[in-house]
Amino acid sequence: MSTMENAPLLTVEQLVVEYPSKKFRAKPFRALTDINISIGRGETLGLVGESGSGKTTLGRAILGLAPVTAGKISFEGKDISHATRKDRRVLSRELQVVFQDPYTSLNPALEIGDILAEPLGVQGMEAAQAKKRVKELLDQVGLPSDAINRLPREFSGGQRQRVAIARALALSPKLIVCDEPVSALDLSTQARVLDLFLQIQKDTGVSYLFVSHDLDVVRHISHRVAVMYHGEIVEQGPAGVVTTDPDHPYTQRLLLASPVPDPDRQEQRRADRHRLLEAQRMQHEQAGVPA
Amino acid sequence: MSDSLETAAAAAPVPAASPVQSGTGQSGTVVRSTVIRRLFRNPLGIAAIAILTVIAVLAILAPVLAPFDQNYANIAKTLAAPDSVNILGTDSAGRDVWSRLLFGAQLTLLSALLCAGVAIAIGLPAGLIAGYYAGKFEAASNWVVGILMSLPGLIVLLTIRAAFGPSVWMSMIAFGVLISPSYFRLTRTAVQSVRNELYVDAARVSGLSDLSIIARHIFSVVRAPIIIQTAAIAGVAIAIQSGLEFLGLGDPTKATWGVMLSEGFKNVYLNPTLLFWPALAMALTIGGLVLLGNALRDALEDGEKINHRKKKAAPEGTTAAPAAVRTSRKPVATVVAGTEHHLVKVTNLGVGYPQADGSIKKVVDDVSFHVDRGEILGIVGESGSGKSQTAFSILGLLPDNARIVGGSIQFDGNYTVAPGDERVSQERLSKLRGKRISYIPQEPMSNLDPAFTIGYQLVTPMVRVLGISKAEARKRALKLLTDVGIANPDRTFNAYPHEVSGGMAQRVLIAGAISCEPDLVIADEPTTALDVTVQADVLDLLRELQQRLNIGVILVTHNFGVVADLCDRVAVMQNGRLVEEGSVRDILRNPQEPYTQTLLASMLEGKEPMSTLVSTLQKEPVA
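So the protein sequences, as listed, match chains A and B. Counting in this note's numbering, the first sequence runs from 1 upward without gaps. Counting in this note's numbering, the second sequence runs from 1 upward without gaps.
Excised from the complex, chain B in its bound form (with noise of 0.2 Å):
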């Protein structure tokens, strides 16, 4: 009992942390019959609802199903042991144990209940007003707020006590008014962070009233999270306004499990199964909220990690079974001789991600390539054809999930996933990431951690990687800014990532990238997130220093624009998979395939204005 208990303590602030995030596209109605699925296959979420439903009806039918009324008392028969009128029993007043239960669970649940509407009514709107109009009520609630929270709690509800008498429904009003700041919190987050959405403003476009755009657009987001924190407020309340009737401040007349608990504490000696009736009708129903919110809370988020794998893996159809993987494995090259000489060799590699049904969802599949010393190897395809997922296998950074179905990768005459693999080997890639191998990610700003320097982040690596001193590496980090072209080296050297300019924080990448003298650099979409003007310069830096320091690039990009200007070869890839390798000028000027061909016809530059690009309006496929 004092377990369940003491899960709950533990459980109980979770469910309010997170659910700003998971509510966001999750209610609606045909996901909330989804959520409510999920919900019901989780054995927790089963078993808290069961309780909860029990106790709930035990409750409306409390007088139809007592024998006797809740203030009944049978002088000539107190402490009683159970018998068969007395089905667990009588209390020092002579009073049926089982009746007052009964009756208890109907005014403790109906008070928890009273409890959190009070502070949904209050916590509710003031969120949702000030977290979308934001300005001056924002503020003055701001300040309700940390006047409500910093009041002692009990000391009030005792000061509620003495001035209104001993009402369970005063004090758990009261008690609705203190905690409603931890409901104007939740939906104020919860809607700051959906108010500036484009579909809020195409709902204003539209001319929508404010009042139709909080119920329709934005309420729904704070609806999942409302029900969560219900769930573990109306615990709360059981709990606080139980101990209030166990000091004694409840009201005599009324039985209430606090009440209960009181009388059974008092008896200790003379009765203790006075005192573990109520206290496991409390245990119950506030570890059953608890689990509730928790199994809530799991349905919700659950959700979202399929929405991120769907995104994440390619459309091509998914494989039968490991077993057929492994098979079709066989036949894979082992190192062969005469290919050594290669900077990287990938050959017929597969990567997948195993599904729920046993089944292996294969993103990349049967690639080949390989990249020279000095030659840029462009890697191109559309949102989803399986090139970063490509890129990533060579640098060891896949998601923990993602396996390798087939093939092998080798590293200057190494294999870093020899055939036959179903992970990178971390142990061997983590001696060439960052030293041989280093990466140019996307997004410049996201990449470098804000809580540093760009400088301490320049030097530590070298510092581990190279092992020279720290005054050295700082030497060669100014010289490697000034290589990139950045102007004042010591001011971006000693400057937060936020101080410089996208462009700017792409070329301390870069220069990153290089610190370590690479054989090989893999850059993932490096000029995506840059302005036109600034990706100019970007490639051109990039060429100069890939000449001058001989190194072998895999270039990652969907522009064939960037592709012309830095490769020397380019892949194309389409639905995981390689459709056509080639020179840059084969490739670009004499397409084979039929999709590199509708790829490059999509390209504007040169076309006839305001003319039709794509022969037929094809009404794509619906996902």
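Isolated chain A (complex conformation) (with noise of 0.2 Å):
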């Protein structure tokens, strides 16, 4: 095995982004500081933290999609912090994304196919060549394969999220970005759309980098999980480390604070956490900071 694949296939080192202020000679807006991970092939990492905390912008960043101030971005050892246009276009071959919200995520006004084969037809690939690959991928998310003429309209929010999969394998990419892909979805749904997660990395090999507001679907996918809060990582380990036994009092405070369904199981969750809470609290009054 030669070390370029042992070699991380995304590393993240020191990562800032900052959003320019409105106001006139204000300080920047820091999203992000001092971001470090990597992922490697195959793997996923989990990135969990609540609304505000980064993560979406984490994500983002190492897509184009938001402005690295400092740091370095590398994917397969190319530094691709300030990629351009036409790098962008190489690499998307390799990184993809699925987001959030799949009603927005796909464009109204254009059909399944139109949607799946345009990734496609910007690598050059050919009309009659780009058709069969779509049919291809329905088939691999398990969608039928009349849904080429269908407006995305016409679909369920878990099979909208299945096209937005469709649409990031198309290129058979190392790297897949997951924006919160499950977190607008029903309960079970969100099940099979996991299940299709899982099934793709074990078919594929593919790599995700899985950003979730929700410990328990993060503990479900990843391998390895990294915490955010406040725009910085926290905690990063392995993920049946960093969500069953966490260091850093966020990290309990997060885990603690995931309701269970089991009334008896949650009344004691409920009492560990308010244990917890006030425990924190006695440390920051000890180290003179105000909770």
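Note that these hints are calculated values from the structure, not bench results. C-beta atoms are modelled at their ideal positions from N, C-alpha and C, and glycine is treated no differently. Do not rely on the hints blindly, as some may be mistaken.
[To be verified] Pairs of lysine-lysine, DSBU-like flavour, derived with a Cα cap of 35 Å: (1) A:LYS72 <-> B:LYS435; (2) A:LYS131 <-> A:LYS202; (3) B:LYS77 <-> B:LYS254; (4) A:LYS174 <-> A:LYS131; (5) A:LYS202 <-> A:LYS78; (6) B:LYS435 <-> B:LYS470; (7) A:LYS27 <-> A:LYS86; (8) A:LYS174 <-> B:LYS607; (9) A:LYS27 <-> B:LYS136; (10) A:LYS72 <-> A:LYS202; (11) B:LYS470 <-> B:LYS607; (12) B:LYS435 <-> B:LYS475; (13) B:LYS136 <-> A:LYS78; (14) A:LYS135 <-> A:LYS78; (15) B:LYS136 <-> A:LYS86; (16) A:LYS78 <-> A:LYS132; (17) A:LYS135 <-> B:LYS77; (18) B:LYS470 <-> A:LYS202; (19) A:LYS174 <-> A:LYS135; (20) A:LYS132 <-> A:LYS174; (21) B:LYS266 <-> B:LYS254.
[To be verified] Chain B regions said to be covered by chain A (calculated; three or more residues, Cβ under 8 Å): (22) 199–206; (23) 431–440; (24) 580–594.
If you follow the hints, you should be able to join the two separate chains into one complex; please do so.
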């Protein structure tokens, strides 16, 4: 095995993302501070955090949709922090995305076939060949092949998310950034879509950066988990450890805040949470920091 | 005639105002065919298209149809009455009115098209670029637009005429430039609304160039509004051009409707019909254009309405006819003795929406449950299961077109929906709502009015419902804010909704819900929009308040964790029906119905990571 194959697929080093402030001469808004992550081949890194923690911004920075202020993002050893549109076109074969909201991530005016053929066309694939590939993709995500001539609004949320996954898979990428891909879905649909993600990984060896606010989802699908809080990664490690026995006080709070579907165990968890909050408050007071 | 002009003027701004929203999702080949079909189903649309088609055909065939050249003058026969040669008579120079009307149509329509064409050629690309890229180009073009819009149009047109002579074309090009900001603004707004849509991001990730993104994903959004706008602009262009010519500023060597109108006006006492024919032609054309614009807009908006309804309605079958519903309603129980002690009792409730074909689509079907004081009932289900519709019928907040198709609702021993009622009685409910029944919504931010302070929004209902003074209401509001765990109630009281976080806003809404000491609180997904840690705090708050005030709570949610945390009893809903009801421990530990079992099996908690959740990857049926 060559060293190239052991090297991580994606590394992010000391990444900083800042958005210029609208106010004149005000300090820019810092969305991400000193982010260091890496994703290996066939690996899933779960990224968990609350709204505004910067987890979505990290995904967007990797995709070139958010400005990189400092630091470095490398994909297969190449620096892609400031890739041009032309570089991105080449990169799109390897790096793809599934967004959260299946209702706005598909152009309502285009038929499913056209949506799926778009990335293929950009890469210069011929129409007939593209159509064949589109059929394969629909089959892969469990949609009927007559979906080609339908519009997105004729599908349910879960089916639309399948279309979005198929679009991401079109060019057989090596890494898919999944930005809350199951958050807008119903429980049973979420289960089916998670199954699909796992199945695809098993079949194609694709890597995922899986962004979610739901610790249960992240625990289920990830090999490793990174926890984000206020634009920083506060904890990172194997999924089993981070999601069951976390070190960082925020992750501990997050874990105990998520309710379990059993009244008695939930009562227990509630009590644990109150004890934890109390303990953390005491620690803060001792450290002289107001809670 | 003047009537049609008036309606034209009144209706003109409407198509320009609304197309932005209606444009989304309504273009594309498949959708457009249905838009055209809807257009043809609208009598006004058909009339407008018929009128415009006839006028356009007459204009195109003018050289064939017209018996004379537009300027052929028969001095011997001036101001003649209609006869077999000159079917509409002749004017003061002996020219044939019918022929001039036809050639005039040609010139008038072409110049209107030229004007719209110029305006689109300038406004559309500029609007696309400004909307998509924003930045400096947008800033600069906004300046230009500001200048163009502040120019006095008529004076500019008069100056153009003075400089370039009486050319219809010149004045219409100039007017096109003057009116291009309306296209610019329309396009820019439409583009801005989709610029940050995720599908545009997805296209960027796919490596599409900006040009392809604009052509494929952005242009389709502005296409429909542009067509509607053009109908209006063409009408305005005809009016402006004819107005100039009527003032005598037209080209006298060319026959246009405005020139004819001016002619006719001079001879109005000798032969008033000379005035009538061009005026009629103009009224028909402008009216037709405006009606076409309106019909187009209606066709596009109709599509939205149907989509909307589809989304709301649960996927269960449609009942045959209202008559069948009425018969099925008979066996409903009357006020059963011994049920008065229930705080709320819903019996065999059915809620439906009448469809265009006369049938009623049921979204809630035969649902029965009750809630007692001091009890929390969870209603669990997936989207479209009818859980929110059930909650809204207890609150009396169903949309206007909703019908109660069966069953009854009683609150504290009295019917709010008696058996046989078609609608929720607002008269009976408005006495209860806010006072005895209150509501905690899902989206805290959209349920606070951004224009008023939080304090104002808490105090006003208390003053109205409880009839207490403002000062006392303020005192109570501050106490409530403290009760719901807000650390600095004074600051929150004086804050506007955008100044507080989502969790804080939900606390404020909970404070509002309990402010009038209700007996029943209906909470519709109260924590779904909140972060998990905030959710835990809000759940703690709800539990504490419910126990302290001994109120009944109906908690609508999709989250079994929330159910386990709060509820005493659970009702599981699917496709508008209640599939299972029981105590929280029974349902969560020993679900009897396969659907409940499937739902619980989909929970990730306690599952082996990376295991398959659904035994077989079923293909979902395509809706």
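Evaluated hints:
{"no.": "1", "hint": "A:LYS72 <-> B:LYS435", "result": "violated, 59 Å"}
{"no.": "2", "hint": "A:LYS131 <-> A:LYS202", "result": "holds, 25 Å"}
{"no.": "3", "hint": "B:LYS77 <-> B:LYS254", "result": "holds, 20 Å"}
{"no.": "4", "hint": "A:LYS174 <-> A:LYS131", "result": "holds, 22 Å"}
{"no.": "5", "hint": "A:LYS202 <-> A:LYS78", "result": "holds, 26 Å"}
{"no.": "6", "hint": "B:LYS435 <-> B:LYS470", "result": "holds, 17 Å"}
{"no.": "7", "hint": "A:LYS27 <-> A:LYS86", "result": "holds, 32 Å"}
{"no.": "8", "hint": "A:LYS174 <-> B:LYS607", "result": "holds, 27 Å"}
{"no.": "9", "hint": "A:LYS27 <-> B:LYS136", "result": "holds, 21 Å"}
{"no.": "10", "hint": "A:LYS72 <-> A:LYS202", "result": "holds, 30 Å"}
{"no.": "11", "hint": "B:LYS470 <-> B:LYS607", "result": "violated, 54 Å"}
{"no.": "12", "hint": "B:LYS435 <-> B:LYS475", "result": "holds, 18 Å"}
{"no.": "13", "hint": "B:LYS136 <-> A:LYS78", "result": "holds, 33 Å"}
{"no.": "14", "hint": "A:LYS135 <-> A:LYS78", "result": "holds, 33 Å"}
{"no.": "15", "hint": "B:LYS136 <-> A:LYS86", "result": "holds, 24 Å"}
{"no.": "16", "hint": "A:LYS78 <-> A:LYS132", "result": "holds, 32 Å"}
{"no.": "17", "hint": "A:LYS135 <-> B:LYS77", "result": "violated, 76 Å"}
{"no.": "18", "hint": "B:LYS470 <-> A:LYS202", "result": "violated, 65 Å"}
{"no.": "19", "hint": "A:LYS174 <-> A:LYS135", "result": "holds, 21 Å"}
{"no.": "20", "hint": "A:LYS132 <-> A:LYS174", "result": "holds, 21 Å"}
{"no.": "21", "hint": "B:LYS266 <-> B:LYS254", "result": "holds, 17 Å"}
{"no.": "22", "hint": "199–206", "result": "holds (count 7)"}
{"no.": "23", "hint": "431–440", "result": "violated (count 0)"}
{"no.": "24", "hint": "580–594", "result": "holds (count 4)"}
Violated hints, listed in ascending order, are 1, 11, 17, 18, 23; each of the other numbered hints is respected by the structure.
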